[in-house]
Amino acid sequence: MRYYPFLMMLFLFSVFSSPSLAKDNETQVLIKGNLLTPPPCKVNDGNMIEVNFGPVAIKTIKGYDQKREINYQITCEENLNNWNMYLSIDGNKSSFDPNGLRTNINELTVKFMLGDSIIDLNKKYPVNLNNPEKIWAVLVKKENSELAPGNFTAGGTLFVEYQ
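Read left to right, the sequence shown gives residues -22 to -1, 1 to 141 (mature numbering (1 follows the signal peptide of the UniProt record, and there is no 0)).
Hints listed in this document are in silico derivations from the structure and should not be mistaken for laboratory results. Treat the hints loosely; a few may be bogus.
Unchecked claim - Pair by pair, the computed Cβ-Cβ distance ranges are:
(1) Tyr42 x Thr5: 58 to 68 Å
(2) Glu111 x Val7: 13 to 23 Å
(3) Leu8 x Pro76: 43 to 53 Å
(4) Val7 x Phe31: 55 to 65 Å
(5) Tyr50 x Phe130: 15 to 25 Å
(6) Asp2 x Phe137: 50 to 60 Å
(7) Asn30 x Val7: 53 to 63 Å
(8) Tyr140 x Arg46: 23 to 33 Å
(9) Gly133 x Cys54: 22 to 32 Å
(10) Gln6 x Ile96: 50 to 60 Å
(11) Glu121 x Phe31: 19 to 29 Å
(12) Ile27 x Ser95: 18 to 28 Å
(13) Pro76 x Glu56: 56 to 66 Å
(14) Pro76 x Lys40: 14 to 24 Å
Every residue, glycine too, gets a C-beta built ideally from N, C-alpha and C.
The whole structure should be built from the sequences, with the hints applied where relevant.
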């Protein structure tokens, strides 16, 4: 019974500190909400997007001159006015440019533009589905390198997601 005084003090403390004895300068707060899942969306109706550069003269690969538009569509089942949509292009980075997509030719990479700006690979960018910006694929060669003639390929993934 030596713990009896301790238990009595603990009981009295809990009674006098209960919310029912709140002072005039205090109030309780109720927090509530509604959790939603975003409506499903599809990029290009689930079909692969192919960008064909065709024959490209090696000497014309300078700066951002060799670019092709990436034709894509984003369709969603419901209105997305309450959702923030983001776009990213993910893939393996080139050995000489961390923002370029690796190709089968070590001295050649593919960079991407969203509108007029170069974008980073594997990074999310806001997109307005009511007025989506154009996406461009741009051929870039490693500085001071010589490209040999041949076919090139690269592959990546275009993601659209909510945050």
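TODO: For the range 22 to 32 Å, tell me whether the beta carbons of Gly133 and Cys54 fit it or not.
DONE: Roughly 25 Å apart at Cβ, these two residues keep to the hinted range, so it holds.
- [ ] Hint says 15 to 25 Å; check whether the CB-CB distance for Tyr50 and Phe130 agrees.
- [x] 21 Å, holds
Open item on the list: I want to verify a distance hint. Is the separation of the beta carbons of Asn30 and Val7 within 53 to 63 Å?
Closed with: With Cβ atoms ~59 Å apart, the hint holds.
- [ ] Go ahead and decide if the range 14 to 24 Å is satisfied by the Cβ distance of Pro76 to Lys40.
- [x] 21 Å, holds
TODO: With respect to the beta-carbon atoms only, verify the hint that Glu121 and Phe31 lie 19 to 29 Å apart.
DONE: Hint holds: Cβ distance 20 Å, inside 19 to 29 Å.
Open item on the list: Taking 43 to 53 Å as the stated bounds, is the beta-carbon spacing between Leu8 and Pro76 within them?
Closed with: 49 Å, holds
Open item on the list: Between the beta carbons of Asp2 and Phe137, is the distance compatible with 50 to 60 Å?
Closed with: Taking Cβ atoms as reference, Asp2 and Phe137 lie about 54 Å apart, which means the hint holds.
TODO: May I ask you to test the hint 13 to 23 Å on the CB atoms belonging to Glu111 and Val7?
DONE: Distance hint for Glu111, Val7 is violated at roughly 42 Å.
TODO: Could you say whether the range 55 to 65 Å given as a hint is met by the Cβ separation of Val7 and Phe31?
DONE: 60 Å, holds
- [ ] Return holds or violated for the Cβ distance of Tyr42 and Thr5 against the range 58 to 68 Å.
- [x] 60 Å, holds
Task: 56 to 66 Å as the expected CB spacing between Glu56 and Pro76, which holds or is violated - done: About 37 Å separates the Cβ atoms of Pro76 and Glu56, which means 56 to 66 Å is violated.
- [ ] Starting from the hint 18 to 28 Å, judge whether the C-beta atoms of Ile27 and Ser95 obey it.
- [x] Holds, at about 20 Å.
Taken one by one, the earlier hints fail for this structure at numbers 2 and 13, listed in ascending order.
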